[in-house]
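Number of protein chains: 2
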Amino acid sequence: MDYQPRPDDILPLLHGVLGAPAQLQALPPFAEADADLQAQVLEEAGKFVAEVIAPLNREGDETGCRFEAGRVATPPGFADAYRAFWQAGWPALSAAPEDGGQGLPAVLEAVLYEWLAAANHGFTMAPGLLHGAYECLRHHGSDALKARYLPKIASGEWLATMCLTEAHAGSDLGRVRTKAVPQADGSVRLEGSKIFISGGEHDLTDNIVHLVLCRMPDAPPGPKGLSLVLAPRVLDDGTRNAIHCERIEEKMGLHGSPTCVMRFDGATGWIVGEPGQGLSAMFVMMNSARLHVALQGIGLLDAAWQKARAYADERRQMRAPGATGHEASLIAEHPAIARILDTQRAWIDGARLIAYRTGLQLDVARHHPDAKARAAAQQWCSYVTPVLKAACTQQAFEGASACLQVFGGHGYVREWGIEQIVRDARVTMIYEGTNEIQAIDLLVRKVLPDAGAGFARTLLALRDELDASRESDADAQRRFAQLRYLTTQLAMAAQAAPRLPYEVADDYLRIVMLAMLAWAWCRIEATPGATAAQAASAAAFRRWVLPEFEMRAGIVKKACEAVIAPVAA
Amino acid sequence: MDYQPRPDDILPLLHGVLGAPAQLQALPPFAEADADLQAQVLEEAGKFVAEVIAPLNREGDETGCRFEAGRVATPPGFADAYRAFWQAGWPALSAAPEDGGQGLPAVLEAVLYEWLAAANHGFTMAPGLLHGAYECLRHHGSDALKARYLPKIASGEWLATMCLTEAHAGSDLGRVRTKAVPQADGSVRLEGSKIFISGGEHDLTDNIVHLVLCRMPDAPPGPKGLSLVLAPRVLDDGTRNAIHCERIEEKMGLHGSPTCVMRFDGATGWIVGEPGQGLSAMFVMMNSARLHVALQGIGLLDAAWQKARAYADERRQMRAPGATGHEASLIAEHPAIARILDTQRAWIDGARLIAYRTGLQLDVARHHPDAKARAAAQQWCSYVTPVLKAACTQQAFEGASACLQVFGGHGYVREWGIEQIVRDARVTMIYEGTNEIQAIDLLVRKVLPDAGAGFARTLLALRDELDASRESDADAQRRFAQLRYLTTQLAMAAQAAPRLPYEVADDYLRIVMLAMLAWAWCRIEATPGATAAQAASAAAFRRWVLPEFEMRAGIVKKACEAVIAPVAA
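Those protein sequences? They're chains G and Y, same order as listed.
Anchor point for the first sequence: position 536 equals 581 in the working numbering, and the numbering is continuous, going up by one each time.
Anchor point for the second sequence: position 117 equals 162 in the working numbering, and the numbering is continuous, going up by one each time.
No wet-lab data here; the hints were simulated from the structure.
Lysine to aspartate or glutamate pairs mimicking EDC-like chemistry, simulated, CA-CA at most 16 Å apart:
1. Y:K603 / G:E593
2. Y:K197 / Y:D281
3. G:K602 / Y:E593
4. G:K269 / G:D217
5. G:K603 / Y:E593
6. Y:K602 / G:E593
7. G:K602 / Y:E595
8. G:K603 / Y:E595
9. G:K197 / G:E143
10. Y:K603 / G:E595
Starting from the given sequences, assemble the full structure and let the hints guide the process.
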């Protein structure tokens, strides 16, 4: 069964709960993007994903990418599908009209990528990297570079890569050694090796634009010495640049996407932005890239859920407790299976609400006429994006594994495609910053420096959307208060024990996610037209998912008390 | 890095904490099996596993098994390794001397299989199935069948299978349709198809002995109509029996073990035990088979831990909080990584203690001169085995995934072998009864029928081993009391809501495991000679693992209160 995008699952959240049409139309570039237009875009996106992209998923896994003599062949059908994809204008959906884009909201692109990843994660890696390169070049590229590369990247006619990691420099990019030597003509020569380069080489497009993190001569050691260089596979005169794919990795999953070892052998490139500003040039697009990874997680989980749901509604084994008659029951009627399915459904729609809200905030941060509103939206994205990235990708892997369990032994074999999702999903916990890095980013780099004051404002905004006269809303509000208290405790404890926040950063991130999910389910339930299925998801969330909040809060509290109790006493 | 069995990790638990030598030597068949002999057996087992079995693991995954024209080729080296394995007497380690076995304790065989699975899970599947077949035939086979097959199975010269599952009959074996038609000469003719048959066909041994769950003509529907039939691949006269391997499955992992679709096409067989007693004949060996799966889980987790530990002690990235100097720190010094490693270590050794105790109880249940002692040991196994099977296999998968995370992107590629462990481990949550079935077996079939009275006796025995004057022991004792209370609540709630125990069976099983782990770490810490590393594991267990107890207890309590509060009021 191929993945089926379901706009009917999305619109009640995006339009019904979040009121996206009004929010977006208040932003000048989207004044015309009314509810109908948004719905129509999603309708078309869903059709394209279902008809063109989803059917290639299994072949992408089984055949995978082939490497021979420096060339990479993508799986059968990928090149044609990619051509149809860019020619239909999908990569340019949210690109600026002046670059040839359609100028539509980022939140619609977010939904598109959720579906793409759900339908075919391997395929999605190729266009997925375009958007970061586009933002990066748009904000930091020289006019000459932009004139030559931006329209081709915006349209997706050329694909792009982010060449960051080296063998000894993964989470610690400050150790990058690739050298960029300036030339008299203003170009640079690149020398070095990069690993884990998704789409470093392939047969999908005529050219590939590499953005390479590197070091100029005499640059200081560490992250401040890094620069960003653009180096295309094919130069303007049609010759091949000195960029070589040495091999592709054998991976646990994601076989549809070539993960390349790239060697730059005196390759010609041009610096993007200022020397020494390489990391900050890249960080321009970090929030949107991490949001996309979170949405990959949600999409993959939804794909796993669709498969498990269909299987559970068809397979019969044993009589469920309370079943009458002699026939074996559908396994969906067995409580353990129902619990798995309800729990994952609660994760999917709750996380969607937070992710789409974050997508909207990305649009607000870019386009709101008021600087204060832009700053507040930016702050939302800064806090919430690492939470979504880590929590949604962890749930993608664990929830897909739970869905696999629904199939019993049939889940462990290829036939049903569920084990592929588990293998594919695993990488999302690692790339674009490991989940441990996300947790440290949230707690240590963002929340603690002002002792949680800025974060409290973001939470307050959520709290005020709830209606304390409803029991579940009051419960969610109490959780926000508890989170605020824990944050203060952590800020104090961190003074005495600098390692402590690093030890409990994962717990803290989970607490934040669970509190936000609690908010999400209150909001969904309170929206007119909420369905019985949504009420069931909300109940499943509160019974089976939310109790983790107290567990994690207890871990953090205990860790703090071990350190600051003596001070208080 | 291949897996390294470490007797020095095992003996302090088996001999130091559990006092296995005295316990075993009190059993007549093991009077001579003193501490030295036990240690020597493990020393030799460890060497064999390290030298012969572990080096074949990666090739087993990458090349896998090949199917052609009804024949299965196992991966390169497997056939030679298996010959060396049985000729060295390892399959016969705990088989009875009268069957040609060495008559050693089952608990030593348990350790051997833990190591085998850790070193090469795929290979281990082949001999792993022998022991169930041996027990089954030994207890239920006719003298004629035993004479022909038992010695060859005991020695491992011939391998065996358990042919249970059919396409429509997985967890629900009562739906099995394979037919056995009696013949005039006392044999039966088998007709039917089986799926998921590990080692159904291979090139490791001259003959394969299939034990086939089937239905005699006129048998009643459901589980009571099932019989067990022995059917060899090669008949006594040297002709091939009408048993065909139709294909092997493409799986997520475990590529070293062929998972076969088998067709019985009028195959000749002989009934084992009485007609209609097929399931109970099989259940003879269920506890020991499930304990072996639990030990596979522990072994796989230890294998993942060894890899992650070695990598974390070598790889440098960024300075850890509090680190001095300019050099990047070992990642082992980063708190998030240290937490992963310490947590898995705590699981491994805590679970080992419970598993080895269960292995000893298997020996007591078989060999103690006193019937009451045998019955108590049998009861221990009956309660604890499903807990170990589910909890250890879940931890194998989740913990191996946590260890993969230590490698960052390097964990997702094949190079370090860690992703193979995650893929291989996933099946252990499914086979030999899914983990959901284990939880139902524990709570619904075993604990609740006498409202927890029998189970309370087992827990009481553990509680009495603790020393309430120590804080952590007193804490563990309180958890046993809480567990007892929850059991009573559940027994009451189940009257009002029959579905409820099925909904929370997984939580209940986890609570039991966590309480037993709390007991285990108290016992390890209280044993003379306990090391600083063990104290660190105990601390990690209490900080990071044990808090799940309250979470699960809260879920169960709340579920009960929703049902029985009205009764109490």
